[in-house]
Amino acid sequence: MTEPADSSSLMLRAENLTKQFQQGRTVVDALCEANISVTRGDFVAVMGASGSGKSTLLHLMAGLTTPSAGRVEIDGADLFAMSDRALTLFRRRRIGLVFQAYNLVPALTTEQNIMLPVLMESSGRNHARQLDELIERLGLAQRRKHRPDELSGGEQQRVAIARALISDPAVVLADEPTGNVDSVAGQGICRLLRDLCNDQGRTIVMVTHEAAVAVWAKRIVVLKDGRVVDSFLTAQFGDTDALATHYQNVVAAADTGEGAE
Amino acid sequence: MKAVWMLVGAQTRRHGFRLFLASLATAASVCLVIWVVGGYDVLIGRSAGLAEQMMAPYDAVLQTQRAADEYPSDGILAQAIDSDVLEQFTADADVALLEPVMAVRTTMLYPVGRGRPGAERRPSQRSRKKGPAGPKAGQKPAESAQEFRPRGPGGTLLTGTTAARSPFVMVEGRWLDLRNPERMEAVLSSSAAGGRGPGLKVGDVFMVRSLGGEFRLTLVGIVDQPTHVRSVGGIYTSMTVARKISGQTPRINRVYVALKDEATLSDFAARWQDALQTADPPLALTDAGHLRAQIDEGRSLAILEQQRFYATGVSILAATFIILTTLSMGISERIREFAMLRAIGMTRGQIGWVVFGESTVIAAAGWLLGLGAGWGLLQLDAALEGQSLARAVPLSLRSVLVSAACVAVGAGVAAALPARVAMRLKPLDVMATVLRRRRSTLPVAGVIAGAALIAVNPLLVYGVSISAHLRYAGYLVVGCTSMALGFVLVAPLAVVLVERLLGPAVAALMGLSRHLVAEQLSGNLWRSVGTVACLTVGLGLFVSIQVWGHSMAVPFLPGDNLPDVVVSFLPSGLPESDVDAVYQVDGIIGEECVPMAVEQAKAAPELLQCEGLSRPRQKAVYLFMGEQDNILFLGVDPPRAFGGSNPPIGLVFVKGDRQTALDKLGRGRYCLVPDHFHVETGLGVGDWFSVIPPHAPDSVLTWEIVGVVSIPGWQWVTKMSDMRRYAPKTLASVFVSYEGAKEAFGLERVYHFWANTIPGTDSGSLRTAMQAIADRNTNVEFYMPDVGQVHTETPYASVTDVREVERTVRWRTESVLWMMSKFPLIVLAITTLAVANTIMASVRARRWELGVLRAVGLTRGGLTRLVVAESILVGLVACVLSLTFGITAAWCATGICTYIFYFGGLQPPLVIPWTSLSWSFAVTLGLCMLAGILPAVAAGRTEPARLLQAGRAAM
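Chains as they are written, first to last, in the working numbering: chain A, 1 to 261; chain B, 1 to 955.
If we strip away everything but chain A, and leave its shape as in the complex, we get:
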């Protein structure tokens, strides 16, 4: 359902991705033959209602769970062909993860939380410059030595984003990154992600159910009942309301089996 991209600039590709869960004797399709391609520097929002499979899709793209069928390639590497250790190292170096609940280590300071992925490496490469740049860019200069419980929700999420970026990943995967913050902070985070994409050419895939958040992305993939039902560019909509209307139409059309466009 997603438009094919030029293979040379392809950063993430999910092919026929299927995930089934066993619930008692019933097999539930959480995701069904989903195909998504994300090009380098793209900012894609995956939208869908609760239970549509968007979080499952993100987990699969991050290699946090294995698919029932299909494959995921990031920067040319097949995630599920790797061993657990290789996948762990790949995730550490090439995937940046941002969680809805921030998931910072409470005992560590802002700096330490951000540096965590690179400190896990034994190479000992100096990331001080990247750290300073990220802290400066994310507006955390005054919070370098603070611990998570001394930060606001927005600040905590910015620390989480910085942590996702410190290892210069191929792709940043964000799961409802604004879910736990107020609307103002949420807008700030969205702007930040968009800027990272525009200014640094970061590749970002973000899961959300809010049109006001998704509108910051360049492209939106809509999921319904585990299937990709549409994909469209956000630029064609003037504002959030128009996008929301279009999204609702897509979902409604999927219900009746018609195409939205």
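Hints should not be assumed to be uniformly reliable.
So the derived label-pair ranges between C-beta atoms look like this [said to hold, decoys possible]:
id	chain 1	residue 1	chain 2	residue 2	range
1	B	ALA449	A	THR26	31 to 37 Å
2	A	ASN198	B	GLY349	37 to 43 Å
3	B	GLY861	A	ASN249	41 to 47 Å
4	B	ALA449	A	MET82	33 to 39 Å
5	A	ARG144	B	THR481	51 to 57 Å
6	B	GLY349	A	VAL184	39 to 45 Å
7	B	GLY861	A	ALA128	24 to 30 Å
8	A	ASP195	B	GLY372	53 to 59 Å
9	A	ARG144	B	GLY372	34 to 40 Å
10	B	MET1	A	ASN198	57 to 63 Å
11	A	THR26	B	LEU428	20 to 26 Å
12	B	LEU428	A	SER152	46 to 52 Å
Since the hints were derived computationally from the structure, they do not count as laboratory data. Given the structure is predicted, the values throughout are model-derived calculations rather than measurements. Every residue, glycine too, gets a C-beta built ideally from N, C-alpha and C.
Once you've looked at the hints, dock chain B against the given chain A.
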């Protein structure tokens, strides 16, 4: 590894207090190891110096080979050193100084209220039951009846010397005045005078008993000499006084030798070896090394060695459980954090290292703290022993290494389970919107495996037919280990059961709804198990020691079938003509007074020459060959002792017919043996055994068993009334006929009477009256087998109150058990810190839940009580588990003792000392409550909103 150490460091800072508590508890475990292992090493180190101090200023001692090798009995000390050898020795060019002495075995009696510490702490003389009473208040003791008491069974060696000057440093008074050798004065070693604590002072009078009778000596000086072994004299007198006390002709049985500076002892000894071995009797030259071995033996270093392993094992267990609870609490609180770390790229190995790192921090901090505390404890111990603080006791390298190993093993084992849990977390766990609460379920398979493991030890002890050695080894190596592991595995069941059965009662007690405490412990089963296991290490050991000790004491407590007193006329006995006088002493029930013909005879070597011995007889031979190589014969008139409806000695027949046995007993060489003898040797009614009569060592007497009887408590009664003339240990006391014993062993006089007394009889008056009878027979000449002709100048009478013996045995049992229980009780106190730690973490992990409870109406006090209820439940589980563990362990221990100790031959009934156990349980519950109060109050004082916020943040 940077990230690992950063996380470890951050966690340490964040949960500093909790880790401090865990480190403190670990430190206490280390401290115990240092104390026990270091103390042992210090003791070993001191043995060397002590032996030299005992010997100073001499290099060696020349004595008979038997005196060097065996217990210095009267017979052995009666052997004189060949005068020719002595002459040649004196002429030897390497000898600088020779000091010939006469060593005499004595019993030293201290005036009541003086002497060794503990002597005055013995139970009072007043009988609780029937029997003689102690002196009444205000009663003036007669001079002759002034109270002197031995400090216990065993003797003190008296040395008769001709040395004009003290060979040792005088610490008080003066040396013997040998210009007046008749003077009844003595010099004591510092140990004999009392050592530390209130002892004898110069000018005090004390008494000694020996074959010459009972003598008063005035203390004129104290020398700086430790005399902790039986072969070194603690009393010094002139040779004249020594001869008088010994009742024997003067003889030199020991020669102290100092060599010239240029001579070496090894060369000297090698040169004399052949001459000494061929002398009559054979002689031996012993040095400080020989003494050192005796000191080590006297200090029961083997037991100390076992204690060292015991302490190390227990400390490892305690440290393991303490660290385990701390770490597992950390893991359960940080599931999301670990999952997130996995999600952002931390490998399983790195996660494991984080857990091991935190364990290492606790262990390292605990070890360093423990080293300091242990060193301090050793100094304190040394100071209490009277050593100068300036002479600091160093930490031995071994104690440092053992404690480090102990902590390392504890930390490693403790980290393994939490690390496994953390490593198995899936990265996806971090994505759960609501933290998945891992509700623990009862590990049924583990509980079944635990029950099976617990069953291994009883099976090994009671259930399988294997050799005693294999059984003991299996018990130690397999049985105890599997039982300990088994109880850890069944602990979850104990947690669940106590929570369900006692939880409602605790809830009611604390004024809470029972639903609130329904899953307090099982909600996080393994954390609870860890905490309970922590407490059970100390409490369970305490229970097992108490149950085992009280059970093992049963066979040694005199039963009601023994008479009230044993009256002894020593060393020369009474002529038959004086027996009636004893019957008529005020307080003695004449018709219940039984004269006894007592003799201690060695088992005959003929037994060993019999071929094709039956299995019971082989066992008997094996036992006879050990240290208990003799039988104590108690000759009584059967109708007088056992006849009538209320006989003085109420025998309980285990085997054999009473009437037939008593009929036979009076007709020849027939005997009644105690039940433990029957069980151990397998010899029963109709079987026989042979002994060598002391007065005719070339002959053999055979006795047939006509009955097996139960006589609990005979051991201490016969020991404390000096019935064992030749050896302190004996295999059994057997009853024979009075006339038979006299005829068989050539006894002409009566030495002992077993008697019942009129209730309320005063023991002082009884002793005075008996002494008056003894005084009729002063200056008696008699022949003592193995010793020769003896002249008793002042015979004495002693009265052994059987109930007093019972109280003494009980008191000693309590003392020993208390000594043994100190260690587990300290461990219990230490592990309470783990409870505090667990409750703190439990509160922390449930802040959100507690916040909700507060929000919906639970009062501040209610919340506090809820947390305290949890700590009480932990204590209750520990009590239940410890009781079960303690009784099982004690049951197995008493069983195994029947194989490894001779007197354990009979399986004693299991005695549960509920009073002391109840106290220990009350203390445990109290400590648990105390441990829970701090976190309870802290939780109660926190605003509900903060609890909710903090709880959410934790998610």
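So, going through the hints one by one against the coordinates:
Between ALA449 of chain B and THR26 of chain A, the C-beta spacing of about 36 Å keeps the proposed range 31 to 37 Å intact. Roughly 39 Å separates the CB atoms of ASN198 of chain A and GLY349 of chain B, a value that falls within the hinted 37 to 43 Å. The hint said 41 to 47 Å for the Cβ distance between GLY861 of chain B and ASN249 of chain A, and at roughly 59 Å that hint is violated. At roughly 38 Å, the beta carbons of ALA449 of chain B and MET82 of chain A sit within the given window of 33 to 39 Å.
The given range of 51 to 57 Å is respected by ARG144 of chain A and THR481 of chain B, whose C-beta atoms sit roughly 53 Å from each other. For the hinted restraint 39 to 45 Å between GLY349 of chain B and VAL184 of chain A, the CB-CB distance of approximately 42 Å keeps it satisfied. For GLY861 of chain B and ALA128 of chain A, the Cβ-Cβ distance of about 53 Å falls outside the hinted range of 24 to 30 Å, so the restraint is violated. For the hinted restraint 53 to 59 Å between ASP195 of chain A and GLY372 of chain B, the CB-CB distance of approximately 57 Å keeps it satisfied.
For ARG144 of chain A and GLY372 of chain B, the Cβ-Cβ distance of about 37 Å falls inside the hinted range of 34 to 40 Å, so the restraint holds. Distance hint check for MET1 of chain B and ASN198 of chain A: the Cβ-Cβ separation is about 37 Å, which falls outside the suggested range of 57 to 63 Å. Range check, THR26 of chain A to LEU428 of chain B: about 21 Å between beta-carbon atoms, so the 20 to 26 Å window is met. Under the hint 46 to 52 Å, the C-beta atoms of LEU428 of chain B and SER152 of chain A, about 28 Å apart, miss the expected range.
Hint compliance for this structure: hints 3, 7, 10 and 12 are not met, and every other hint is.
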